[in-house]
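K.L.:
Going by my numbering, the residue at position 128 of the sequence shown is 128; the numbering climbs one at a time, nothing skipped.
For the record, the hints were derived by calculation from the structure and aren't laboratory data.
Some hints here could point you the wrong way.
[Said to hold, decoys possible] Cβ pair distances, simulated, as ranges: (1) Gln-191 x Ile-323: 22 to 28 Å; (2) Gln-260 x Leu-3: 45 to 51 Å; (3) Lys-221 x Gly-269: 50 to 56 Å; (4) Gln-347 x Gly-69: 38 to 44 Å; (5) Ile-71 x Gln-258: 45 to 51 Å.
[To be verified] Computed list of lysine-lysine pairs in DSS-like fashion (alpha-carbon distance at most 30 Å, straight line): (6) Lys-305 x Lys-354; (7) Lys-210 x Lys-387; (8) Lys-174 x Lys-242; (9) Lys-345 x Lys-210; (10) Lys-305 x Lys-6; (11) Lys-354 x Lys-182; (12) Lys-242 x Lys-387; (13) Lys-300 x Lys-174; (14) Lys-182 x Lys-226; (15) Lys-182 x Lys-221; (16) Lys-59 x Lys-6; (17) Lys-300 x Lys-285; (18) Lys-210 x Lys-285; (19) Lys-174 x Lys-226; (20) Lys-221 x Lys-354; (21) Lys-221 x Lys-67; (22) Lys-6 x Lys-226; (23) Lys-226 x Lys-285; (24) Lys-377 x Lys-175; (25) Lys-175 x Lys-242; (26) Lys-175 x Lys-226; (27) Lys-210 x Lys-6; (28) Lys-59 x Lys-226; (29) Lys-285 x Lys-377; (30) Lys-354 x Lys-285; (31) Lys-354 x Lys-210.
Even glycine gets a Cβ: it sits at the ideal position worked out from N, Cα and C.
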Amino acid sequence: MSLEIKIPAVGESITTGLLSVWHKNDGDAVQSGEALLTLETDKVSTEITAEKSGTLRVKVPAGAEVKIGEIVGTIDESGAAPATTKTAGQVPDDKSDARQTREHVEPPARVQPKTPAVSNPQPITAEATAPATPAAQPAPVAPSISEAVAAANVSLAVVSENIPATKEGRSTRKKLTPLRRKIAQQLVMAQHTAAILTTFNECDMSAVMKLRASQQEAFTKEHGTKLGFMSFFIKATVSALKANPAINGRMDGEDFVQNQYFDIGVAVGTERGLVVPVIRDADQKSFAQIERDLAEYAVKAREGKIKIEDLQGGVFTISNGGIYGSLLSTPILNPPQSGILGMHKIQERPIAEKGQVVIRPMMYLALSYDHRVVDGKEAVTFLIRVKDCIESPARLLLDL
Numbered sequence: 001m002s003l004e005i006k007i008p009a010v011g012e013s014i015t016t017g018l019l020s021v022w023h024k025n026d027g028d029a030v031q032s033g034e035a036l037l038t039l040e041t042d043k044v045s046t047e048i049t050a051e052k053s054g055t056l057r058v059k060v061p062a063g064a065e066v067k068i069g070e071i072v073g074t075i076d077e078s079g080a081a082p083a084t085t086k087t088a089g090q091v092p093d094d095k096s097d098a099r100q101t102r103e104h105v106e107p108p109a110r111v112q113p114k115t116p117a118v119s120n121p122q123p124i125t126a127e128a129t130a131p132a133t134p135a136a137q138p139a140p141v142a143p144s145i146s147e148a149v150a151a152a153n154v155s156l157a158v159v160s161e162n163i164p165a166t167k168e169g170r171s172t173r174k175k176l177t178p179l180r181r182k183i184a185q186q187l188v189m190a191q192h193t194a195a196i197l198t199t200f201n202e203c204d205m206s207a208v209m210k211l212r213a214s215q216q217e218a219f220t221k222e223h224g225t226k227l228g229f230m231s232f233f234i235k236a237t238v239s240a241l242k243a244n245p246a247i248n249g250r251m252d253g254e255d256f257v258q259n260q261y262f263d264i265g266v267a268v269g270t271e272r273g274l275v276v277p278v279i280r281d282a283d284q285k286s287f288a289q290i291e292r293d294l295a296e297y298a299v300k301a302r303e304g305k306i307k308i309e310d311l312q313g314g315v316f317t318i319s320n321g322g323i324y325g326s327l328l329s330t331p332i333l334n335p336p337q338s339g340i341l342g343m344h345k346i347q348e349r350p351i352a353e354k355g356q357v358v359i360r361p362m363m364y365l366a367l368s369y370d371h372r373v374v375d376g377k378e379a380v381t382f383l384i385r386v387k388d389c390i391e392s393p394a395r396l397l398l399d400l
């Protein structure tokens with residue numbers, strides 16, 4: 001008996017996706033609940049797991065665009081095999097063992113001696129690869145890119161079995177993933193539909209850094225998570241949005257929609273592209289609750305398990321380019337929101353303080369906003385409020 005592997009519905013507006021990688025090869029034994037493939041859409045990346053144990057039969061190769069409901073493979077239940085063939089009676093007890101098992105049972109790659117690594121594929125001519133064997137024996141076939149990737153169990157954003165390359169092998173061509181295409185469309189739409197303007201300020205991070213250093217051990221012991229900078233900026237943003245409600249709104253045709261809640265999106269960079277999971281009701285959550293939410297989203301993003309509902313409903317976005325070393329930037333709005341706060345690298349700089357030159361850990365802040373609904377005064381006031389909250393974090397605790 002064979003069980004069909006169908007592409008499931010992953011969102012109301014999603015009709016197609018990219019089958020980016022098979023985690024198992026055709027003919028491999030699979031276990032119920034084991035990851036079979038990764039589906040990428042214009043919003044999220046989702047792992048499809050096996051509903052039954054058996055032998056996998058692949059019908060659609062990795063790198064193909066597939067429709068919701070399309071059959072991409074089957075599981076032959078009559079050919080069900082033990083979970084592992086490493087050693088009789090031995091069962092992997094964690095993900096690491098499972099990966100090692102998959103690598104062990106897969107057939108060895110038929111790679112020619114001195115063949116270039118797949119991570120940097122080069123054109124291979126018949127003369128360069130012909131073995132010194134009698135003509136009657138067929139030459140071994142080098143593995144396709146998709147086979148090599150599957151054998152290594154590497155998850156890539158795009159896998160193409162036939163990537164056109166120049167004769168010199170100096171460039172390759174590949175299709176954008178659905179997620180990357182959606183990001184591109186959103187950014188261009190934001191530039192074309194909103195009157196984006198950016199205003200800047202800077203804040204002294206001394207007080208927050210001192211507070212974190214003094215309370216980190218106790219905070220971690222009490223709440224089971226570390227105290228980061230982002231929770232301070234989320235709380236400061238909520239305070240600034242309450243003081244400047246126009247930024248907590250959006251245009252809808254010729255109407256202005258005023259939000260009365262504070263769901264703050266936090267931009268997270270992944271190998272597949274940028275996603276913005278949302279911290280729900282940030283105004284009602286403690287620092288510890290916000291830090292736990294951030295940690296959970298970080299794990300989901302790293303493992304490609306962010307869900308559509310995690311990304312919906314944000315009223316404002318915070319982007320931290322400082323983790324990559326950015327000193328200053330002009331962030332682009334996340335439609336249909338009216339504001340986005342850009343955090344940047346903390347850098348020691350000389351500043352004037354009470355007539356003296358002192359060295360302080362400073363951060364540039366940038367607020368991009370939709371000038372159609374937000375005036376310059378409101379934008380500047382918003383940034384000053386964020387600056388004051390960060391430089392005097394007691395304000396956040398006292399709700400000032």
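K.L.:
Indicate, hint by hint, whether the structure satisfies it.
P.N.:
Each hint tested on the structure:
1. Gln-191 x Ile-323: 22 to 28 Å: About 24 Å separates the Cβ atoms of Gln-191 and Ile-323, which means 22 to 28 Å holds.
2. Gln-260 x Leu-3: 45 to 51 Å: Taking Cβ atoms as reference, Gln-260 and Leu-3 lie about 48 Å apart, which means the hint holds.
3. Lys-221 x Gly-269: 50 to 56 Å: 30 Å, violated
4. Gln-347 x Gly-69: 38 to 44 Å: 52 Å, violated
5. Ile-71 x Gln-258: 45 to 51 Å: 47 Å, holds
6. Lys-305 x Lys-354: 50 Å, violated
7. Lys-210 x Lys-387: 16 Å, holds
8. Lys-174 x Lys-242: Judged against 30 Å, a Cα distance of about 45 Å means the pair is violated.
9. Lys-345 x Lys-210: With Cα atoms ~17 Å apart, Lys-345 and Lys-210 stay inside 30 Å; holds.
10. Lys-305 x Lys-6: Measuring from Cα to Cα gives roughly 19 Å; hence the hint holds.
11. Lys-354 x Lys-182: 50 Å, violated
12. Lys-242 x Lys-387: Judged against 30 Å, a Cα distance of about 15 Å means the pair holds.
13. Lys-300 x Lys-174: Measuring from Cα to Cα gives roughly 26 Å; hence the hint holds.
14. Lys-182 x Lys-226: Distance ~33 Å between Lys-182 and Lys-226 Cα, so the pair is violated.
15. Lys-182 x Lys-221: Violated, because 41 Å separates the two Cα atoms, which is more than 30 Å.
16. Lys-59 x Lys-6: Holds. Lys-59 to Lys-6 sits at ~11 Å (cutoff 30 Å).
17. Lys-300 x Lys-285: 20 Å, holds
18. Lys-210 x Lys-285: Holds, because 23 Å separates the two Cα atoms, which is no more than 30 Å.
19. Lys-174 x Lys-226: 40 Å, violated
20. Lys-221 x Lys-354: 39 Å, violated
21. Lys-221 x Lys-67: Not OK: Lys-221 and Lys-67 at ~48 Å, beyond 30 Å, violated.
22. Lys-6 x Lys-226: Given pair Lys-6, Lys-226 is violated - Cα atoms ~41 Å apart, limit 30 Å.
23. Lys-226 x Lys-285: 16 Å, holds
24. Lys-377 x Lys-175: Measuring from Cα to Cα gives roughly 44 Å; hence the hint is violated.
25. Lys-175 x Lys-242: Distance ~43 Å between Lys-175 and Lys-242 Cα, so the pair is violated.
26. Lys-175 x Lys-226: Not OK: Lys-175 and Lys-226 at ~39 Å, beyond 30 Å, violated.
27. Lys-210 x Lys-6: 53 Å, violated
28. Lys-59 x Lys-226: 46 Å, violated
29. Lys-285 x Lys-377: 29 Å, holds
30. Lys-354 x Lys-285: 37 Å, violated
31. Lys-354 x Lys-210: Judged against 30 Å, a Cα distance of about 21 Å means the pair holds.
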